[in-house]
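Asks: Going down the list, the sequences are from chains A and B. For the first sequence, numbering that gives the first Met the number 0 begins at 0 and goes up steadily by one. For the second sequence, numbering that gives the first Met the number 0 begins at 0 and goes up steadily by one.
Note that these hints are calculated values from the structure, not bench results. Values in this document were obtained by computation on a predicted structure and should not be read as measured data. Wrong hints could be hidden among the right ones.
[What the hints assert, rightly or not] Here are the simulated EDC-like pairs of lysine to aspartate or glutamate, each with C-alpha atoms no more than 16 Å apart in a straight line:
id : chain 1 : residue 1 : chain 2 : residue 2
1  : B       : LYS262    : B       : GLU214
2  : B       : LYS114    : B       : ASP84
3  : A       : LYS36     : B       : ASP11
4  : B       : LYS169    : B       : ASP129
5  : A       : LYS38     : B       : ASP11
6  : A       : LYS34     : B       : ASP11
7  : A       : LYS336    : B       : ASP85
8  : B       : LYS114    : B       : ASP85
[To be verified] Here are the in silico distance ranges between beta carbons for each label pair:
id : chain 1 : residue 1 : chain 2 : residue 2 : range
9  : B       : ALA23     : A       : LEU67     : 25 to 31 Å
10 : B       : ARG82     : A       : ARG220    : 56 to 62 Å
11 : A       : LYS164    : B       : ARG82     : 42 to 48 Å
12 : B       : GLU68     : A       : GLY324    : 25 to 31 Å
13 : B       : CYS213    : A       : ASN248    : 42 to 48 Å
14 : B       : PHE32     : A       : ASP98     : 20 to 26 Å
15 : B       : GLU50     : A       : LYS260    : 49 to 55 Å
16 : B       : PRO230    : A       : PRO257    : 52 to 58 Å
17 : B       : LYS95     : A       : SER96     : 51 to 57 Å
Even glycine gets a Cβ: it sits at the ideal position worked out from N, Cα and C.
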Amino acid sequence: MTNVTNTPPPAPETRVTPGRSEGGVAGAAADAEMKNKKKKIAALVSLLVILALLFVWYLLNRKPLSELPGLGGTAMPHYQSSIYGSTKPLGVAVTASGDRIYVTSSDGDRLVKAFDRAGKLVGTLKPPNSTSTANLPMYVAINPTTQDVYVSDRQNGSIYIYDAKGTYLRTFVPKGNLGGKYAPLGLAFAPDGTLYVTDVRGSDAKNHRVLVFGADGTLLRSLGTPGQLNFPNGIAVGASGNVDVADSNNGRLVVFSPAGKMIATISPGVGEGDLGMPRGVAVDDSGKLLVVDTADHMVRIYSTDKVKPTPTYIGSFGTEGQLNGAFEYPNGVATDKRAHVYITDRENNRVQVWGY
Amino acid sequence: MKPNRRTISAPDRRLSNLLRLGVAVLVIGALAFAGIYYKDQHVDAGPSMVERQIAGAEAAVKKTPNNIETRLQLAEAYLQDKRPDDALAQYDEILKADKANRTVLLGRGRILIGKGDLVAAAASYHKVTDVASKGEFAGADPQAQEAHYYLGSILVTQGKTKEAITELQKALNIDPTDSDALYLLGTAELKQGAPKLAVQAFKKALLFVPTGWCEPYTQLGVAYGKLNLAPQKTYATGMASFCLKKSAVAKTELKTLIKGPVKVDALLGLGLIAETESSNAEAVTWYKQVLKVDRNNAAATSALSRLGVGSTPGPKSTSTTQGPS
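Here chain B stands alone, though its shape is the one from the complex (with noise of 0.2 Å):
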């Protein structure tokens, strides 16, 4: 039953008062506060790097339109801003003045095999093929390599290994050290039916990316398990673990190995586990002993160069108490 109002005393009228103030003041502390603190905390970021690049590029094209390198720049300004239709419009722009623009003609072939049209990026990347191949230079020339590397990669996707290994290996005769191209050349073979070739290619891509690349690990189990070595398929999907940071599941895999025929490799690859957990001075355990099989072994002499130790090693620490200065 609710008082009638005439009843209501003075100090409850007081204290409802109060209520009433004490609320209106919250209120008004709280968005005082937050106004204070938003002011004093918030600062514009402004344009960002690449807007201001589009900015001032953009300018620079309508100051002088038939500027190539203009052009070209506002072109690699609106990719870096994700923006690939106005690129694309670009490239075509420059295309019109000079058909054979190599830059531009690999710029479109990216563009293209984002949005899926394979063939007029396959038609892009001939064109500049073509051209190389008649150059002082195509032995040694980046741009063609690179139009070979994404012609395999387009024949791969659609499925046309034989012409792709050609391609991929046009690619490494120009740069054999391009991990890129291995991988996926190891790829084409496999599915060619290769798998010793595949093998070979995918092994040559690992020398180059050894971590934090998990296909060519995952692939190469496939490719031992095709050709029936099981210790190697062992070594494989053990790397792989390890890449997919299930270190534990590695360790365990690779330990079962450094007595059988790919002693070498777990024991690199035990090393190179220990690394990436900062235990230097287990990973040199494991690296010593790789030389003691094979002593000349370059990657665990770099490997052990790399953690400061010499040809007579001793173990280092990762973080350890030194001598005094």
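Okay, chain A solo, but in the shape it has when bound (with noise of 0.2 Å):
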């Protein structure tokens, strides 16, 4: 006989089975989960395209962070090492890398020095032999259309040509009527390798003038009415093809147009931005127009633009003295295109290197 129990028929299943309560809720909070996950692969791969922006951009300037576009406006640069092993160094040029440093020594052995970025010297740039050994290199400058070293001997009145290396290639010769001997002094080349030398011929400032060779060395033009430069020295041109001309004794700085006239100055005083002794000029990538004030002993930052020709006053770095960052009648300056600013520091021998 089966025992049947008169137990009641099971309910049907009100009870939410564990299973299918539990998978509800887990699906949703997996699909949250993966929406979270997905938002995080979004965040990540935005920061990987920043990182690796800054990367490329890095790659292509190589300079410091704090110049990255919009950040180093009117940043002012700080001291960051010196170049020792020339004397009473004078004029300073600068590979567009910073690879190569050549300094003119116009005391001791009277020679231009190579460095390399860590500051030690590459090379030297020896005179042609026919030279006499009064020979007294003043300016550098770095042809951009061929990276030939150009350097001005005002005492022998040349400028002597030498390639990358540092090898001798030939005396520089103008084409057309200077109107007698040249001595030149500051060097600046145009993209296009147009060459602007300042020429302080004679004692008599009546014809000290700047002059402009074309490429093959055709006397173009010369700026300056005569008694209007007094001993021009470091010369720069702009991007806006306007050329920065510091006129030395007349303690100021010189605007030309790509035509040569002359369209605005920075007067000599005791205002801020107001110069002493201009000496060095040069034109950093950005546009900053960086002049040597040396009787001041510090170099002065302006501003420019295509619009407004007379440089705005930004600030002015450097002291008197000898400790790092001070300079002694410092003379010229020169800028690479990784923010970097080189200064001759006449009298400690030595040229310093200023970054942002």
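Both chains come to you apart, so use the hints to assemble them.
Replies: In structure tokens, the structure reads:
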């Protein structure tokens, strides 16, 4: 006999089955988790893109990150290091990458020294054998179209040309009527290879001028009327084609338009941004104008733009002395495209490297 | 509620792995970038010029320890490196060999003043003045001048103003253009209760250093105050304001004086303020007004010449478009 118990049939399942109910909540949680992960991945991808862009920008410019577009407008440079090994250095030129720095020694062996980025002497640029022993290299510039190095020797009335390794190639021969001998001092190149030379021939300042030569050495024009410039010294060509000349003994900076018209000055004086005795001049790749004020032992920085010919004063750096970052009669200035400024610190026998 | 590990779907796992991979790439990329950036930007500055000088001078002293010149150079280098105690040790070594070395005695004096040992510093300076007073060029000896100046400075600090005035006058007999000595003399005269003499000294000091030095203007104001000369006091405080870079206040104060008894000084002050503001045309106008009152005024003439304006002045702006070349 079957023992049948009279138990009621089980009621229909009303209780939520553990599997199904947990699956529903867990599914929603998993969806949320996945969305969250997708958001994280999107953020991560954004970060990776930013990092990659930053890296590409850096590889293209190799400048400090403080010079990222929009950040470095009015920032002032700070002292980084010094290059020793030249005697009473006057002129300085640097390659765009900053890997070669050429410095003229106005005393001692009176040669041009080439240094690498770490300040190690890597070569010497000697004048041709025919040159008298009284050679006196003053300023140096690099031709942007050939990378040749040009050195002015005021005493011998010559400009010597070397290749990038420092091998003497030839002496610059001006084509055209200069009206007699010239005494080259400051040198600057326009991007197309046009050469600008400050000429301080004779003791009478009325003969002082700026000579402009085409890439083939032909005299194109002369800037400055008789008596307008008094020992024009350093010279630089800005992005707009304006030519900035340190009118040294007049204590001012003169701006010429590309056509050769004098369009603005920075005056001598004791006010903010006024000049004492300007010597070296450079325009960096961001358009900032740097003027070495040798008597005030500092470098003054101005911004330039295409519309307003008069440079606007931003600030100065340097003070008199022998410590790092102090100058004793600084003279030449050059900039590379990596946000470095190189200044010859004449009486301290060194070249100071400043950066942003 | 966390889903059961066993229930994680394949796409979910892929996302998790992708996330981990992404984080790893980001971290490695950032580290690599930082490394490359540092290597590319960093240049070893190497020893500074002073450190090089010290190393060279120390080597020279080791080589020739009895050479006074090399020890002096070493002491000088230590001083530049702000190591006064090391410099003092070198000076003491030199004095063992040359008791009357005036360069060393002056150097010692400066260090001892810095350390606050005024008595020892004064003794060092007295040795210089004793030696110098017997010299052939005692009346034009710059080292004796320096010693008298510092003795005056020490005596002012010690409150011995009468003796200080004597020493400072000796310093000024040798170099009448020493603006520091003139200022200190003015301070001593003021403490001594002689504001008239103080005014003379301060004005002379300011003749040589008219800008960037505030104390003489402030003290000049105090001296004029003691003499109850109100316009003069206003002039001095106005110039002190200018010195403290409160040019607007200074101009307001000085403009109240251009018709009074100190009009020349006020006009000169206004010219100087305009110059420092690079308003050269305005400065020329003020200086020309000075010449209208005092046609031989040396300060105005030299200022106009500094601004590129001769005896027939015409305004010259700071940064102007000029004629064609």
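Asks: Are any of the numbered hints broken by this structure? If so, which, sorted upward?
Replies: Violated hints: 1, 7, 13; rest satisfied.
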